[in-house]
Amino acid sequence: MATTTLPTGPIEPTVSASASRFGGLRRIVSAIREAHGVPKFMLWTGAVISALFVITALFAPLIAPYSFDTYKAHGHNFPKQGSPDGDHWFGTTVQSLDVLSRTIYGARTALEVMVLAVIFSLILGVLLGLLAGYFGGWLDRILVLVMDALFAFPYLLLAIVAGFVFSGISGGGVVTAALSITVVYIPQYFRVVRASALSAREATFVEAARAMGAKPSVVIRKYLFGNVIQSVPVITTMNAADAIGTLAGLGFLGLGIQPTEAAEWGYDLDRAIDDVNAGMWWTCLYPGLAMVIAILGFTLLGEGLNDVLNPTMRRRRIRKVLLPAHTARRTVTAPAQPDVPEGEAVK
Amino acid sequence: MLTKPDIEPSGEGAAAQVGEPLVEATGLEVHFGLRGGLFSRFSGGPAGAVRAVDGIDLTLRKGEVLGLVGESGSGKTTLGRTLIGLTKATAGSVSYRGQDITALGERGLRPLRRRLQMVFQDPHASLNPAMDIRTAVGHPLRIHNLVADDREYEARVVDALERVGLTPPERYLGKFPGDLSGGQKQRAVLARAIIAEPELLVADEPISMLDMSVRAKILQLMLDLKRDLDLTYVYVTHDLASAKFFCDTIAIMYLGRIVEYGPTEQVFADPQHPYTEALLAAIPEPDPERALPRELPRGEIPDAARPPMGCAFHPRCPVAVAACGWEARDLRTLLENRWLELAPEAASREKSLFADVESLAADGQSSVAIAPGRGHTPEDVLEYLRHLREEASEAEPREPFWHGVVTMHAENGRAVVEFAPPRDPRLSLIPATGVQVACHLREPVGSTTGT
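Read top to bottom, the protein sequences are chains U and H. For the first sequence, this note's numbering begins at 1 and goes up steadily by one. For the second sequence, this note's numbering begins at 1001 and goes up steadily by one.
To be clear, the hints were calculated from the coordinates, so they are not data collected in a lab. One thing to keep in mind: the hints can contain errors.
[To be verified] Listed next, with one range per pair, are the computed distances between beta-carbon atoms:
1) P216/U to G1299/H: 42 to 52 Å
2) L124/U to P1021/H: 47 to 57 Å
3) R1151/H to P216/U: 26 to 36 Å
4) A195/U to A1346/H: 50 to 60 Å
The C-beta atom is built at its ideal place from N, Cα and C for all residues, glycine as well.
When you get a sec, could you build the whole thing from the sequences and use the hints?
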């Protein structure tokens, strides 16, 4: 006993602590690594397109040749509705604005609104969904009623109404646009989270937490949240894609962000309608194309993530077990020629 | 396979008798309303309610291991949960160290939860899959603010893991429940249950979801923990073999009531209640040479929302007497069983004597007026029933149903069958054994006629 030295205190606590903290992340990463076939293609194509979109948006001032509201440079006004040339690769608009710059700055606006809308709706939707799912009762009934009512509206109409309300309060900026879109997406998060919370509430581990004496807030934070949140990333990417479309829809109707505040693809499309009749294709093609590509990127990413992460959709790869060649041949030939020595059969 | 432990449970049982009462239940009832949401369910009245626990008195002494044994649906789990306040009692009271916990709300119970812990049946479901063992096992400490800092927390968790045999603890701290086997998970659950130093542990079939090879180890571990930590157990199970191994006192439950309650050895050696006898007979005998033909209780466990009158076991009891609570439903069961065995033509001919057999299905009819079928008189029905009775008196084993029929006569064009008034059997002590049993056959005085 005297010669044995026992380690005092836990062994390598830091390593296991960090491993536990990122346990969930580790699982996601390993699931993504396991992806193959169409989901893998969708996931990575979507990821690349989305990454390009984000980079463009973040570094818009560096990439774009002019600012989104620049109409003259070096003392000369830009040509009005000028076709694409060396100075203006994507041409200019009826307001003498550079289409390339506006398209690039549009990415920035889209990203800002998208991120804000997703964060707002994520926080509110998940919180309300957890509360409704865990507590049930009248709170649940009221929330479900409200959310179903919101769901019943055509989403663009709802965004328009919300846009009117919020622009009266906070003016026509990025935050207003994000808030109007948030209203549309909260019910989606709410429904998904509430449904998972309802089933998780009946789980034995939640009951066990209650039996330990945990308060409802602790149960929700420590036991429900981690199990409910897993279905959310997929909705988030889907909503991100959708948010771009909704924002453009608002802008197209002239309800989104004021043209003086930021460049916005929907607004540009609206202004370009008359140009199309006059044979000017560049003012509408580039914002439209940007929109399509951005939405495509996030949709692919979302679908890919869904296929990869959702346990009900995910197909685990089954690797074919290949026996060594000579073993296989021997099993075939052995019964036919039982007397042949092994060395012969292997040939 | 279960083997006797090194320590002698009976010795501890003797010591337990002197222990102070820890939990006392008096007139405990838990009825679940059949309709409505979660909240109205707990306030459900007697109408349309499942009587999961229906009038139970028991005393749990410190250091005792009480086994609650019964078929599924007997209310054993509900009783176990109600004893620690996890399920609200609809009537009666449970007192823990003199404090009535049925009167406390969720908030008031929270401080007591430290002392009254529960181990659930399914170890795979009772750990949060998104929480590692370090956090999961130590969470009661955080909830009840029992540790000052992370260092103490870590030490307590490591200690608990060592106690339950998850060694070396460092290897398990960072793992998730998904990484552990069933036995390891149940050990982790036990570690979580004991970490806050509880007094009473309700174990709800803690080994039924585990592999055979692990079961004995977990039970042994629970006995070791009891010895080291001075625990009291309520062991809920349907497995008599493990109850025999594990418990000092055993309570056999049937349809929300205790039918037999006493020291384990006594109950196993000399079962008093017919239901206990049947349960003991149902334990499979591994040696086919020694296997005996056994009389298992006939039929299924009845609907707890509409329990039989009198003794709930009487429809399945081979030795039931007149006072056991015979009623119209039992006549229907008798007739239907008969018709099942007859040829279809004969059965439908007999069936045509009755206008509506389904009218007998209502519960609580101590006297029933049977309408005769088209073209038959009440006398035909009576003659048929008398014929059945005579047939039964010659058959072996005798059908106990006819003990309960007092008179059969015709009245207003209907055949009236009257049954003996039902009497609820009360738990009464069998002298010199310490066993309490609720059966008319074992009542010391004023025993019923019949047999």
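Outcome of the hint check:
A hinted range of 42 to 52 Å holds for the C-beta pair P216/U and G1299/H, which are about 43 Å apart. The given range of 47 to 57 Å is respected by L124/U and P1021/H, whose C-beta atoms sit roughly 51 Å from each other. For the pair R1151/H and P216/U, the beta carbons lie near 29 Å from each other, so the given range of 26 to 36 Å is met. The beta-carbon spacing between A195/U and A1346/H, approximately 55 Å, falls within the hinted interval of 50 to 60 Å.
In summary, the structure agrees with every hint in the numbered list given earlier.
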